[in-house]
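K.L.:
Sequence:
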Amino acid sequence: MLALADRWLGRYTRALDMLSGLCLAVMVLLVFGNVVLRYTLNSGITVSEELSRWLFVWLTFMGAVVALREHGHLGTDVLVSRLPATGKKICLVLAQIAMLYVSWLLLKGSWAQMVINAETEAPVTGASVGIFYASGVLMGASGIAILLRDLLRTLFVPLDERELVMVQESEELAALQHRTEDASATSSSAGPRR
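What the sequence shown shows, in my numbering, is residues 107 to 300, in sequence order.
One should not assume that every hint holds.
Claimed, not checked - Label-pair distances were calculated between CB atoms; the ranges are: (1) Leu200 - Ala109: 17 to 27 Å; (2) Gly193 - Val132: 44 to 54 Å; (3) Ile222 - Val134: 52 to 62 Å.
Derived by calculation from the structure, the hints in this document are not laboratory data.
The model shown is predicted, which means the values in this text are computed figures rather than measured ones.
Think of the CB as a built atom: it goes at the ideal place given N, C-alpha and C, for glycine as much as any other residue.
Let the hints inform the model, and build the full structure from the sequences given.
P.N.:
Printed below as a string of structure tokens:
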């Protein structure tokens, strides 16, 4: 069951990643095109600012979903990395439950705002302002799905002690540890030379 969830969540986050790239490309075209038109023809793209803002919010939330799936959000492991395996597992379960609650709050609040603003029209495009708040619904619902899968994996699948610490202090530290592990694996596989 977890393997099926992994496959679907992987496909889903890849799609969100591609959609985020598309949003970024459209934002660049809108903003750059607007700047060029203002300086060359003294005109502009009327919807540029509003659409760019909406695309930026959607891009941010879609990127947050992808980062949540890849455990790429910022965190600190100063305390947790020093705990024994059982302590690490307890902290991970508590953190996942807390994040599930926050994702539920985000989903609930964004849904309420989406419903309230469904009839409100944006000033320039005339589109429903509910579309803007739907990005929070996407993040909340996606976060709940990803975190439930992670929680079930933590509870029912034996994990390596390194997997019980889901964050790194910084990217530099993670890269250094990765290089150290690669170097030790290479030296141990080469064996002693005569």
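K.L.:
For every hint, state whether the structure bears it out.
P.N.:
Structure-based check of each hint:
Restraint check, Leu200 to Ala109: a C-beta distance of roughly 26 Å satisfies the suggested window 17 to 27 Å. Distance hint for Gly193 and Val132: a CB-CB separation of about 46 Å, consistent with the stated range 44 to 54 Å. At about 32 Å, the beta-carbon gap between Ile222 and Val134 misses the expected band of 52 to 62 Å.
When held up to the earlier numbered hints, the structure conflicts with hint 3 and nothing else.
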